[in-house]
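Make the full structure from the sequences, and use the hints.
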Amino acid sequence: MSAAETAVDEPALAVEGLYRAYGESWALRELGFGLDRGRTLSVVGANGAGKSTLLRILAGLLRPSEGAVRVLGSSLPHETWRLRGRVGYLGHEALLYRELSAAENLRFHARLFGLPGQGAGRIAELLAAVGLEHRADSRVGEMSAGMVQRLAICRAVLHEPELLLLDEPVAHLDPDAAATVAPLIGAREGRTRVIVTHDLASARAGADRVLALGRDGRLAYEGPASAFDERAADAVFSERARPAAAALDPEPSS
Amino acid sequence: MSRPPGIFAAARIVLLKDLRVELRTLESVPAMVLFATTIYVIFRFGLDRTTLDGGLAAGVLLVTVLFAALLAINRLFVAEREQGGFEAIRLAPIDGTALFLAKAAALITYLTALEIVAIPIFGLFFLDDWGGIPPLIPVLILLNAGFAITGALISVIATNSRARDLLAPLILLPLLVPLMIAAAGAAQGLLAAGGPDYADFTQWLVVLGLYDLVFLLIGYAVFDFLLED
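If you're matching them up, the sequences are chains A and B in order.
Numbering-wise, our numbering puts 82 at position 82 of the first sequence, and it's gapless, one number per residue.
Numbering-wise, our numbering puts 31 at position 31 of the second sequence, and it's gapless, one number per residue.
This list has only true hints and no planted wrong ones.
Taking beta-carbon pairs under 7 Å as the criterion, some of the chain B residues facing chain A (in silico): (1) Arg-3; (2) Pro-5; (3) Ile-13; (4) Lys-17; (5) Val-21; (6) Arg-24; (7) Gln-83; (8) Gly-84; (9) Ile-94.
Here's a subset of chain A near chain B, in silico, CB distances under 7 Å, partners left out: (10) Leu-61; (11) Gly-85; (12) Glu-93; (13) Glu-99; (14) Leu-112; (15) Phe-113; (16) Gly-114; (17) Leu-115.
Computed far set for chain B versus chain A, every beta-carbon distance over 12 Å: (18) Val-33; (19) Arg-49; (20) Val-117; (21) Gly-185; (22) Ala-193; (23) Gly-209; (24) Leu-210; (25) Leu-216.
To be clear, the hints were calculated from the coordinates, so they are not data collected in a lab.
None of these values were measured; they are calculated from a predicted model.
Backbone N, C-alpha and C fix where the C-beta goes; we use that ideal spot for every residue, glycine too.
Written as structure tokens, this is what we have:
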């Protein structure tokens, strides 16, 4: 069986015993979960629980300190190169150059991803979809935060990735704009999504599964979205939950 | 069907982006030119001499280019660091080494632009005989390549450090000593009083070329790893 065939048979995400430390404190501890291809996982948790760290690890942008992480059949961090071009990532930074226009930024990314015709048709389609076609020649540095967020979403989905990693995708967006971008980042066949959100209602509504991180970076809940009810959410976000990331202790055990 | 660009095509894409940004912001080249001109003016009045030749002329010319290059090297990865370019490159289906090649090529372009302006100014201030300038071109080409290759490599190491403005020159300058010795060795004969002297010229060019080649290979081998967190 070829490596490619093996990869297709595997779940989109398989995480086991994941730890990540920043200096003296743990951001993630003992994390384990999986996600089948084509499914959507919502990641919720209090501020500082490690949601963005998890997303960056899944994107191959951050090394795990310990643990086994397989994304789209590639073992991270050793096979990160196999993930390149297959993941759409929207983090807290837009990954757009302020001095370039909206169209120039998307063209730059389209060229890097080798889209046919430098992605001209796809760029026009995306800009129209998010209502920025009239700002195609405006520099990103001259745009509002909401416009930049919409453009960043275009950038993330430009190459139609197999795995979409979205960190609060509708932050900075008013309800109308959020509705505008929804079709671009919505569920579709063959697309696996991991969405970090603070909105518990949308976490439940738009996902197949929910993963909740406690304040200490441990798994607080992982299961079907339909079972993530108010009581489970309260347990995650309540002040009675575990204290914030503690000083580096001896774990993980070697 | 998408077809990811090869390493040189990807480097060209990043280089064109960098040049476009530089043309719009004019953050590097004008500062380098202004800096070099100011240094020549200071030397002109500090040394109180209207002509220079030999080793002193080579030293004034090349050290000024070196310090002007440091200005650009310090800014080389600012956009990548502040605007997420590193992450964009790492998410794209390209070899990260393309970024190294693109940044080195951008630095060579900036240095060439600097020298097109700064060397005539140097000549006006300090040279009676301009006969040494044309044969200086291959020396400057190899010197620029050395600055660019080593500068791109060290700049990416320093860029994620809090003390990056200090760290880059501190690591870079000792590494550039052999390059400067070779360039000065080649240039001092060319700028000698009474016209160019080509003794040892080829030998110094070979040293410059070898320096460039060694650091190009080192950069090619390690740059992709340096992009990781």
